[in-house]
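K.L.:
Residues per chain are reported as follows:
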Amino acid sequence: MAIKHNSGIILTTVEEVLSWGRRNSLWPASVGLACCAIEMMHTAASRFDTDRLGIIFRGSPRQSDVLIVAGTVVNKVAPMLKLIYDQMPDPKWVISMGGCSSVGGPFPTYATLQGVDRIIPVDVYVPGCPPTPQALLWGIMQLQKKIKEKKEGKVWEEIPVREVPTASQPLTEKSPFGF
Amino acid sequence: MQFSDKKTNLWIDKNKLEIVKKSFPDVKVEEYENAVFIHVKKDKLIDFLKFLKEAEELQFKMFIDFTCVDYPFHTPRFLGVYFLFSPEFKQRVGVKCWAENNSLPSLTGLWKGAKWAEREAWDMFGVKFEGHENLVRMFMWESYPYHPLRKDFPLEGIADTYLPSLNLRPDEIPAHNYSPYHTYVPSMEDLEETEKKRIQKKAQIVLNWGPLHPGTHGTIWFLFDMEGEVIKDCDIILGQLHRGVEKIAETRTYTQFIPYTDRMDYISALCSQVAFVNAVEKLLGITPPPRAKYIRTMMCELQRINSHLLWLGTYALDLGALTIFLYAFREREKIMDIIEGIAGIRLNSSYIRIGGVAQDLPEGALDVIRHFIKDFPKRLEEYETILTKNRVWLRRNVNVGIINEEQVYQYGLTGVVARSAGVPYDIRMIQPTDAYGEVDFDVPLGKVGDCYDRYLLRIEEMKQSIRIVAQCVDKIEKLKDKKFIASENPYVIPTLEEVYNSIESMVKDFNLRIYGEQAPEGEIYLSGENPRGELGFYIVSKGEGHPYRLRIRSGAFYNLQIFPELIKGRTVADAVVLLGSLDPVVGETDR
Numbered sequence: 001m002a003i004k005h006n007s008g009i010i011l012t013t014v015e016e017v018l019s020w021g022r023r024n025s026l027w028p029a030s031v032g033l034a035c036c037a038i039e040m041m042h043t044a045a046s047r048f049d050t051d052r053l054g055i056i057f058r059g060s061p062r063q064s065d066v067l068i069v070a071g072t073v074v075n076k077v078a079p080m081l082k083l084i085y086d087q088m089p090d091p092k093w094v095i096s097m098g099g100c101s102s103v104g105g106p107f108p109t110y111a112t113l114q115g116v117d118r119i120i121p122v123d124v125y126v127p128g129c130p131p132t133p134q135a136l137l138w139g140i141m142q143l144q145k146k147i148k149e150k151k152e153g154k155v156w157e158e159i160p161v162r163e164v165p166t167a168s169q170p171l172t173e174k175s176p177f178g179f
Numbered sequence: 180m181q182f183s184d185k186k187t188n189l190w191i192d193k194n195k196l197e198i199v200k201k202s203f204p205d206v207k208v209e210e211y212e213n214a215v216f217i218h219v220k221k222d223k224l225i226d227f228l229k230f231l232k233e234a235e236e237l238q239f240k241m242f243i244d245f246t247c248v249d250y251p252f253h254t255p256r257f258l259g260v261y262f263l264f265s266p267e268f269k270q271r272v273g274v275k276c277w278a279e280n281n282s283l284p285s286l287t288g289l290w291k292g293a294k295w296a297e298r299e300a301w302d303m304f305g306v307k308f309e310g311h312e313n314l315v316r317m318f319m320w321e322s323y324p325y326h327p328l329r330k331d332f333p334l335e336g337i338a339d340t341y342l343p344s345l346n347l348r349p350d351e352i353p354a355h356n357y358s359p360y361h362t363y364v365p366s367m368e369d370l371e372e373t374e375k376k377r378i379q380k381k382a383q384i385v386l387n388w389g390p391l392h393p394g395t396h397g398t399i400w401f402l403f404d405m406e407g408e409v410i411k412d413c414d415i416i417l418g419q420l421h422r423g424v425e426k427i428a429e430t431r432t433y434t435q436f437i438p439y440t441d442r443m444d445y446i447s448a449l450c451s452q453v454a455f456v457n458a459v460e461k462l463l464g465i466t467p468p469p470r471a472k473y474i475r476t477m478m479c480e481l482q483r484i485n486s487h488l489l490w491l492g493t494y495a496l497d498l499g500a501l502t503i504f505l506y507a508f509r510e511r512e513k514i515m516d517i518i519e520g521i522a523g524i525r526l527n528s529s530y531i532r533i534g535g536v537a538q539d540l541p542e543g544a545l546d547v548i549r550h551f552i553k554d555f556p557k558r559l560e561e562y563e564t565i566l567t568k569n570r571v572w573l574r575r576n577v578n579v580g581i582i583n584e585e586q587v588y589q590y591g592l593t594g595v596v597a598r599s600a601g602v603p604y605d606i607r608m609i610q611p612t613d614a615y616g617e618v619d620f621d622v623p624l625g626k627v628g629d630c631y632d633r634y635l636l637r638i639e640e641m642k643q644s645i646r647i648v649a650q651c652v653d654k655i656e657k658l659k660d661k662k663f664i665a666s667e668n669p670y671v672i673p674t675l676e677e678v679y680n681s682i683e684s685m686v687k688d689f690n691l692r693i694y695g696e697q698a699p700e701g702e703i704y705l706s707g708e709n710p711r712g713e714l715g716f717y718i719v720s721k722g723e724g725h726p727y728r729l730r731i732r733s734g735a736f737y738n739l740q741i742f743p744e745l746i747k748g749r750t751v752a753d754a755v756v757l758l759g760s761l762d763p764v765v766g767e768t769d770r
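So the protein lines, in turn, are chains H and P. Those letters in the first sequence? Residues 1 to 179, by this note's numbering. Those letters in the second sequence? Residues 180 to 770, by this note's numbering.
Calculated from the structure, these hints are not laboratory results. Since this is a predicted model, take the numbers as computed values, not measurements. By construction, the Cβ of each residue, glycine as well, lies at the ideal position given by its N, Cα and C atoms. Treat the hints loosely; a few may be bogus.
[As the list claims (entries may be wrong)] Chain P stretches covered by chain H per the calculated footprint, using a threshold of three residues with CB under 8 Å from any CB of chain H:
no., stretch
1, 318-328
2, 389-396
3, 410-421
4, 519-527
5, 608-621
6, 750-756
[To be verified] Negatives, chain P to chain H, calculated, CB over 12 Å:
no., residue
7, Lys232
8, Lys513
9, Arg574
10, Glu683
11, Glu744
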């Protein structure tokens, strides 16, 4: 939280500045595994243009902050993906893009890893098969939100749930349905 | 509308079978409507195949595919199936041979293209090949103990490793099918062992390129044995995207398998669907209505432009031209929007159905396509202005990776790679499916067979695709018959409207979705022209709702196989160009 003075001075904390810089220059490692990689390329290319969000794909894990797991992770490639994750400098984040990397997707087989979170911790799951570029941008924005709030574990938008009467609470005049 | 009776059956004719029987009297012939197989004994297999390859009247000199089928209650257990093609007479033949003592003679002496197919059969079925130069696993790692495509191996594999999710907190209730136990994930030592079995260091250094490198177009793992900058020896490790699609096919109904064909060759999803659905339709005896045929052809060609544009963008990006990448993706977005408008999904559009297409074209779709095909040739001209006579582009491309006609037959190369060597092998021409027999188009052929030829061919193919799309748009507009799916056929799932309005359709829909299309007993091999080469489907049906065995003959798999031979004696910089011009997609090579 920054405090702005009338004289043009902004007071803030070092953590705030670091977090602001980090969330606005997320550099992903350019690792493409399967179909989702095509949509990831589309997100980076002319129409959706992630450069305007400060997202520039890097060829080396040493220069990257984010690992976008784009595609099916099979057992044989899993140790190498973990190697790339280990080579990335801290702080680092992982976006699991698509159904395959999140839970195995449509491939419940002997060769496929059933969820990339079994080998590396995941920050944001993006659903879809494959997710559209808009969905991936949504995932990146969720990650930015998470970095801003510095929360541990999962962060998602809380959807208010309407209370439904249960069997122990017999329907009365006060019930939300009004009968 | 009548579709012309061009020759659509490519299988060996009666006269040639007589010639075969004269020389080898004890062979048995197994005939189906869309496949002809010759049964041979194991000890005569090599002689027989050599006869097929070299006899003047036969000349089956092009290697198409090799695979195995597992019959657990038969001795011997495994059946090897070979597919050959005669470019002279435009005919195919299948050869079957039982693998006695779980082994077959290796074909690498006759066709170099058999090398990887035999490795795959060893990996998936555990069939040994006598005389193979280096029989290692194709897709799995070397210390993997099972052979997954055997019938007694479960689809889910054997979950013997404790590998819980790192994101699951103690207070969280996991999903209903979550299990902390998982199939074995190899360690780095396992992969190192796999690597060492592939290549013996003879020169200075073994360089690893990939598997997670942006230049390898996916997850292909190259091993280069190098002397200075010159590559002396090369091998390729595949399987970094092996998802077990062929095993999945054995447990899914034919309709359920359509989405998996998308995810195999994800750049040209519609072409893969059409190739698969055509094979199933021939098996079930369904004829789709003319409107569906034209829609399919139109969508296929749009997808072909889309695929070649991605190739152009990434190929130019690999050679340092970022501008073309951004331009090509601009046009790709337009095609993706058209596909999304028609099919509902951008990339993996499961739009084709058995018996037709999922839904009719929406209002205004043809206008959008017409606008696109009017605009696109100008854009293509722009790309050509930048690249075709560019001095850097010429230096990188001309005379790199020259393929000759003999290599095409030896390795079973198809698609643009074969046509660049001057071999007129285009499935759209020699076995026209859908409306390809009705439209007018040319198949461009190369003269030299180098990377520059393949670039020119793909640009020319895009222009031809525009021609086909334009003809299809005109034809669809004139068609009075609005029927887009042959839903009166007992094997075709009815449309939603019919299901809601009649009880018979509802029962039929329920039966087909639960029990699948009960295909009659038989076998079929049918292929389609993918942007990457011949994509063939060999289906063995036992009269059940799902295929007994489904073999996918992948064009990219065989095209990639020539890479080690072409790269020998060249530098690493050429490896990028050569790989880009072969244009493999890992989803299809690994399946």
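K.L.:
If you test the structure against every hint from before, which numbers come out violated?
P.N.:
5, 6 and 8
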